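K.L.:
Chain by chain, the residues run as shown.
Protein chains: 4
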Amino acid sequence: MKKLTYGMVGGGPESFIGDAHRKAINIDAMATLTAGCFSRTLEKCRITGEQLGVDPQRCYASYEEMAKAEAARPDGIDFVVVVTPNVSHYPVCKAFLEAGIHVSCDKPLCLEVEQAEELARLAKEKGLLFMVTYTYMGHVTAKHIRDYIAAGKLGKIRTVMAEYPQGWLAYEGEWGGKQGAWRCDPKQSGGVNCLGDLGTHVENAVATLTGLKIKRVLAKMDVVVPGRVLDDNDVVMVEYEGGATGVYWTSQFAIGHDNDLRVRIYGENGSILWSQENCEKVTMIQRDGTIIERHRGNGGIEPGAAAYGRLPSGHTEGWLESMGNLYRSFSRCITAKKDGSFTEDMIDYPTVEAGAEGVKFVHACLRSNKEGNIWVDM
Amino acid sequence: MKKLTYGMVGGGPESFIGDAHRKAINIDAMATLTAGCFSRTLEKCRITGEQLGVDPQRCYASYEEMAKAEAARPDGIDFVVVVTPNVSHYPVCKAFLEAGIHVSCDKPLCLEVEQAEELARLAKEKGLLFMVTYTYMGHVTAKHIRDYIAAGKLGKIRTVMAEYPQGWLAYEGEWGGKQGAWRCDPKQSGGVNCLGDLGTHVENAVATLTGLKIKRVLAKMDVVVPGRVLDDNDVVMVEYEGGATGVYWTSQFAIGHDNDLRVRIYGENGSILWSQENCEKVTMIQRDGTIIERHRGNGGIEPGAAAYGRLPSGHTEGWLESMGNLYRSFSRCITAKKDGSFTEDMIDYPTVEAGAEGVKFVHACLRSNKEGNIWVDM
Amino acid sequence: MKKLTYGMVGGGPESFIGDAHRKAINIDAMATLTAGCFSRTLEKCRITGEQLGVDPQRCYASYEEMAKAEAARPDGIDFVVVVTPNVSHYPVCKAFLEAGIHVSCDKPLCLEVEQAEELARLAKEKGLLFMVTYTYMGHVTAKHIRDYIAAGKLGKIRTVMAEYPQGWLAYEGEWGGKQGAWRCDPKQSGGVNCLGDLGTHVENAVATLTGLKIKRVLAKMDVVVPGRVLDDNDVVMVEYEGGATGVYWTSQFAIGHDNDLRVRIYGENGSILWSQENCEKVTMIQRDGTIIERHRGNGGIEPGAAAYGRLPSGHTEGWLESMGNLYRSFSRCITAKKDGSFTEDMIDYPTVEAGAEGVKFVHACLRSNKEGNIWVDM
Amino acid sequence: MKKLTYGMVGGGPESFIGDAHRKAINIDAMATLTAGCFSRTLEKCRITGEQLGVDPQRCYASYEEMAKAEAARPDGIDFVVVVTPNVSHYPVCKAFLEAGIHVSCDKPLCLEVEQAEELARLAKEKGLLFMVTYTYMGHVTAKHIRDYIAAGKLGKIRTVMAEYPQGWLAYEGEWGGKQGAWRCDPKQSGGVNCLGDLGTHVENAVATLTGLKIKRVLAKMDVVVPGRVLDDNDVVMVEYEGGATGVYWTSQFAIGHDNDLRVRIYGENGSILWSQENCEKVTMIQRDGTIIERHRGNGGIEPGAAAYGRLPSGHTEGWLESMGNLYRSFSRCITAKKDGSFTEDMIDYPTVEAGAEGVKFVHACLRSNKEGNIWVDM
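Residue numbers (the numbering used here), protein chains in the order written: chain L, 1 to 378; chain A, 1 to 378; chain E, 1 to 378; chain P, 1 to 378.
Worth flagging that the hints you see were computed from the coordinates, not collected in a lab.
Values in this document were obtained by computation on a predicted structure and should not be read as measured data.
Honestly, I wouldn't trust all of these hints.
[As the list claims (entries may be wrong)] When the alpha-carbon atoms are kept at most 27 Å apart in a straight line, the in silico DSS-like pairs for lysine-lysine are as follows:
{"no.": "1", "chain 1": "E", "residue 1": "K281", "chain 2": "A", "residue 2": "K281"}
{"no.": "2", "chain 1": "E", "residue 1": "K153", "chain 2": "L", "residue 2": "K281"}
{"no.": "3", "chain 1": "L", "residue 1": "K370", "chain 2": "A", "residue 2": "K156"}
{"no.": "4", "chain 1": "L", "residue 1": "K126", "chain 2": "L", "residue 2": "K44"}
[To be verified] Computed list of chain L residues with no C-beta within reach of chain E, every gap over 12 Å:
{"no.": "5", "residue": "T5"}
{"no.": "6", "residue": "E268"}
{"no.": "7", "residue": "D288"}
{"no.": "8", "residue": "T290"}
{"no.": "9", "residue": "E293"}
C-beta: ideal position from N, C-alpha, C; glycine also.
Kindly produce the complete structure, drawing on both the sequences and the hints.
P.N.:
Laid out in structure tokens, this is it:
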């Protein structure tokens with residue numbers, strides 16, 4: 001497979017997520033960074049570009065310029081990675097879609113439901129691929145659970161308990177640094193903090209693993225740490241189509257939790273417990289109560305999921321590998337687009353439609369919370 | 001300390017809980033079983049009595065008779081243990097209180113709030129001791145957490161996540177046996193199943209460990225397993241006086257969970273994680289994120305709690321020892337009552353007032369659920 | 001079953017183990033303490049006796065007197081529990097055997113191989129029952145493993161890794177108290193410390209769980225903590241009859257380990273991992289690598305083992321319950337002896353022969369260590 | 001920092017380790033693969049080269065040719081990665097050293113002590129850098145432990161328990177595939193299997209983490225799985241200079257263990273427990289028994305170690321990141337060599353001297369085992 005080329009918007013010196021996307025893409029060497037608009041000034045952008053080996057001519061002062069220029073080049077980038085703060089996801093993605101360039105955008109997709117729907121519509125009209133990087137669903141064990149449940153092995157799902165507590169924003173002004181500052185700032189994060197940052201991961205994880213569709217939500221979004229103006233602890237009761245129920249909890253002041261996304265799924269034929277911090281294993285309880293622990297790389301992992309493993313069991317894979325798995329499928333699809341072999345069933349990454357579900361989920365929760373914790377339809 | 005004597009109502013051949021109370025009392029040999037109304041017929045009662053070494057003359061056909069007869073004897077029982085099905089807790093306890101006998105009653109205390117309040121009032125008027133056996137709060141580690149928090153070491157509590165999933169009633173008619181049958185039968189359990197059986201433990205555990213008072217609840221009580229008529233999966237959002245929040249989850253079809261009461265407490269100065277299935281240890285996270293695991297029997301356990309340990313650390317204590325700890329305090333209080341040295345601060349067991357809180361909690365949840373998952377004041 | 005009576009030698013005010021035996025016997029109320037020689041003076045003995053409800057006439061100044069007197073009474077004790085320091089196990093046990101009284105002796109059985117063999121011979125000649133209380137083999141999960149392996153489900157055993165680290169004697173004179181003092185004193189413990197205290201448990205656990213017979217050992221016994229004269233860290237390589245191998249490690253300065261007896265058994269058809277501090281579960285790996293966790297009380301536990309459970313799964317049982325299980329079998333056997341229904345296959349507790357194996361093991365290790373860590377036949 | 005270039009010997013289509021090295025180098029994009037001798041025929045080599053984007057002119061039929069040709073080019077490779085089977089490590093490494101090219105060689109370094117010493121001498125004479133890729137010591141938590149102990153925080157080390165069990169070679173001919181085949185073949189692996197493959201990792205891990213030097217060993221190397229001719233289960237007793245002791249266990253038939261390298265270090269001021277399968281955390285027990293769990297990315301990790309982290313705590317890093325950390329230091333050193341800024345204290349990777357220790361360890365064990373499990377000096 002010929003190596004692709006990509007550009008990046010965002011990902012300057014202090015960006016954690018831009019660097020992480022680059023490293024994840026590097027692992028399997030599927031694409032080369034050849035263009036970027038890493039910072040808000042051309043000078044800064046070029047400094048980053050030079051460090052990353054990007055031609056200064058392809059370091060751009062604005063994303064609009066970049067989209068146009070790259071679209072015009074015969075050797076223009078195959079796709080763009082959008083890792084700007086949440087508020088600018090929408091205009092940046094839109095610009096590249098309009099320029100005819102495939103998009104990978106970090107989550108959450110954008111702030112407004114209408115924006116999300118427009119991006120989805122644009123991608124469809126233009127025949128472009130659009131990935132939203134819900135990192136955790138790239139793990140082999142996550143894919144295993146998805147395939148196991150899709151094959152009916154858990155039976156009808158009865159209830160789902162999902163949570164994503166963190167503790168790094170437990171004190172205003174003490175912890176969090178630049179990463180924390182923009183998340184807690186209404187202007188940069190768009191009126192929602194914890195639920196947008198963590199809740200969308202929970203929503204996507206449950207939707208991906210179980211295939212369940214949310215019918216309605218009842219949300220309680222609290223602002224707890226003194227000095228905050230946006231939510232930092234959220235609980236959402238969920239009813240799914242078909243009758244199953246769920247509870248989602250997210251927090252940023254749960255000291256002792258690093259990045260503790262966990263999903264527990266209870267079906268009529270057994271249960272599944274999964275934790276992203278222990279993503280190399282999955283606990284599967286059978287109908288008779290037998291508790292089985294399966295490790296990535298062992299037999300018993302669903303074959304399609306197992307194929308994403310790079311190393312034997314016990315040779316741990318982590319976050320970058322999980323993100324890399326999203327890019328493996330995304331790259332294969334783009335290559336297939338280029339050589340005309342693409343079909344929809346090749347897509348094994350979170351799409352713009354999945355991103356739009358996240359935006360709808362946040363808005364339904366905001367409304368439920370505002371109106372006194374009532375049920376709101378998705 | 002002179003050994004006390006006690007009687008039991010309930011606890012016949014198929015009773016799990018009656019046998020468990022007897023074994024728990026036995027460990028420390030603080031009281032001798034000398035009277036009983038173990039079954040509904042005198043014949044059956046005497047068979048059990050004989051096995052347990054109880055004088056046939058003190059095996060009774062009815063609890064009313066037993067209460068009167070024992071009260072009249074100069075060597076009558078010091079206290080009674082009530083381990084009948086939930087529906088009869090109220091009349092049995094009332095009869096013994098009226099007869100002037102101290103009462104230990106299994107949880108939940110009773111079905112109606114008015115009954116609970118009457119029992120509390122009666123006990124107070126008569127100067128009688130009344131314990132409600134919320135077993136899990138007898139664990140050394142539970143007492144440690146309570147004392148640690150009461151000493152202010154966790155700071156202001158921000159949120160509490162508590163849960164008690166079980167999996168033994170995942171299938172109608174397959175699992176559960178006699179124990180399951182009466183719990184799922186509205187006539188015997190009084191219109192509530194899972195929340196009464198497990199939810200009251202959660203309510204009591206959080207109240208005991210944190211000292212928080214519930215202000216209002218929003219409950220969703222679901223009937224999930226086909227064939228059931230009572231709740232078997234419940235989620236309760238809680239607001240406490242002072243602003244902290246909580247979520248309680250109980251389930252009886254969560255396959256893979258045996259008896260999985262867990263409480264996680266997040267304060268401004270750290271967090272505490274406790275699981276009754278791993279009751280020999282407690283995880284305490286400090287303000288700076290340092291994760292500390294403390295074991296029963298090690299230094300660092302609060303002294304009042306540590307004093308309840310019988311064995312060195314690593315020599316595991318369990319459920320019976322925890323129940324036994326409740327009886328250790330109860331017995332000491334009764335002995336002190338007898339010799340005139342009793343003071344209120346000697347009480348280190350769950351009281352009838354704690355039991356009444358559980359009944360109020362269940363009723364507030366029932367109302368919230370009935371009215372569409374709205375907030376209901378306690 | 002009629003309640004038995006027993007006497008105790010040792011178990012005075014500062015004895016941990018005597019109190020533990022009494023509590024363990026209490027749980028199931030199978031025997032009543034009716035005689036004792038708890039301390040070295042009659043006065044002290046009677047104080048303890050009074051606290052325990054023992055008739056002062058049956059509190060004895062010496063074990064010799066007690067053995068004779070009790071043997072002479074028509075209502076003499078059914079069995080004696082020997083919980084003195086290790087050095088006096090032999091004479092005490094011998095006295096009671098000679099008096100015709102069944103014996104339960106704490107481990108290690110005694111100091112010399114000849115003593116052990118004499119006690120075994122005496123018991124046999126007299127037709128008396130003799131239990132050595134290797135507590136940990138009373139756990140339901142331990143019995144499960146034994147029966148599972150005996151049924152051939154693990155296939156031929158290949159290697160065994162067993163260990164028993166503790167940390168309570170990491171500093172001379174700081175930790176340990178009276179319990180530590182006598183263990184580290186050559187006069188009281190008989191020339192061996194850690195290997196006698198912990199190593200015999202390991203030896204018995206492996207022998208019990210696997211059925212393997214030790215052929216020869218190569219031992220390294222180190223004296224590490226400054227100020228010690230006896231071993232506090234021991235490693236033993238083991239070869240079993242039939243070709244399997246093993247390694248045993250015991251330590252008393254392994255800070256962070258409370259009482260961490262663990263056995264890992266690797267067979268040709270799978271593996272078994274067991275830890276006494278987590279004695280409510282067992283990990284069983286199948287031939288194809290499937291990792292299964294089984295809990296006491298769940299289905300899948302071998303029936304004979306499961307029958308020892310008192311509480312449902314998740315209602316934790318611990319050390320006292322495990323010790324209690326030894327006494328349940330011992331009591332049943334004594335009762336059967338009394339009513340003439342006893343047969344050898346009723347024995348489900350560690351016998352004097354098992355105790356003698358422990359003494360032989362210690363002596364073989366001592367010789368191996370003394371001669372430069374060479375192989376020594378058992 | 002300017003990107004370096006490297007070549008690879010070995011790493012053809014079925015090589016796990018070659019692909020792993022490439023991916024690990026990719027993550028941080030510190031070096032580009034520009035030459036290779038991936039297979040034994042030029043044709044196969046070029047196919048791999050094409051897939052990896054290597055100029056066909058720099059795909060070589062033999063390593064000798066490659067060493068000479070690359071040394072002669074002005075744009076020749078900065079370093080070579082040697083990932084051939086163990087038997088050819090020595091000649092390949094030697095050829096590149098003689099050609100004046102820095103070397104990264106997979107472990108074990110080579111088969112004979114003389115070879116190892118020659119390579120070390122050659123590297124020194126030529127002023128070349130030589131890394132032996134003991135992957136696991138690249139983990140942040142491993143570096144943390146090393147620095148923590150080096151700073152004296154654990155006090156004098158008393159004993160070390162280290163193990164590396166795997167289960168993938170539990171059955172001859174069933175599991176293992178090509179990877180297993182060459183390891184068990186005396187011709188390809190050089191007369192030792194399990195101890196060379198796993199034991200050298202254990203030796204290096206303990207040496208790196210603790211700084212202890214082995215004085216003598218007593219080894220038992222067993223051939224257990226029917227059909228094997230080389231060791232598949234090894235136990236080594238170790239005495240270090242200064243008096244500390246250790247036990248190393250390695251196995252390839254321990255079903256249920258994937259890749260379970262664990263090191264437990266017991267010092268006079270506390271203990272440290274580390275497991276590479278859970279490499280994101282480390283357990284540190286203090287002198288008073290307080291058990292602390294520290295996570296990579298949290299405060300409390302030694303600063304020099306923490307600097308290797310790429311992602312926040314809870315965003316898991318694994319095997320490739322660990323290997324990548326070795327290459328980060330190696331690349332920095334090579335760059336410094338090129339610009340003249342290199343000093344010895346910049347080396348933070350396992351050197352050829354560390355590799356030579358592994359070879360000596362294996363030979364001492366082989367001799368001990370052959371002579372009946374006697375003590376052999378290193």
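K.L.:
If you test the structure against every hint from before, which numbers come out violated?
P.N.:
4, 7, 8, 9
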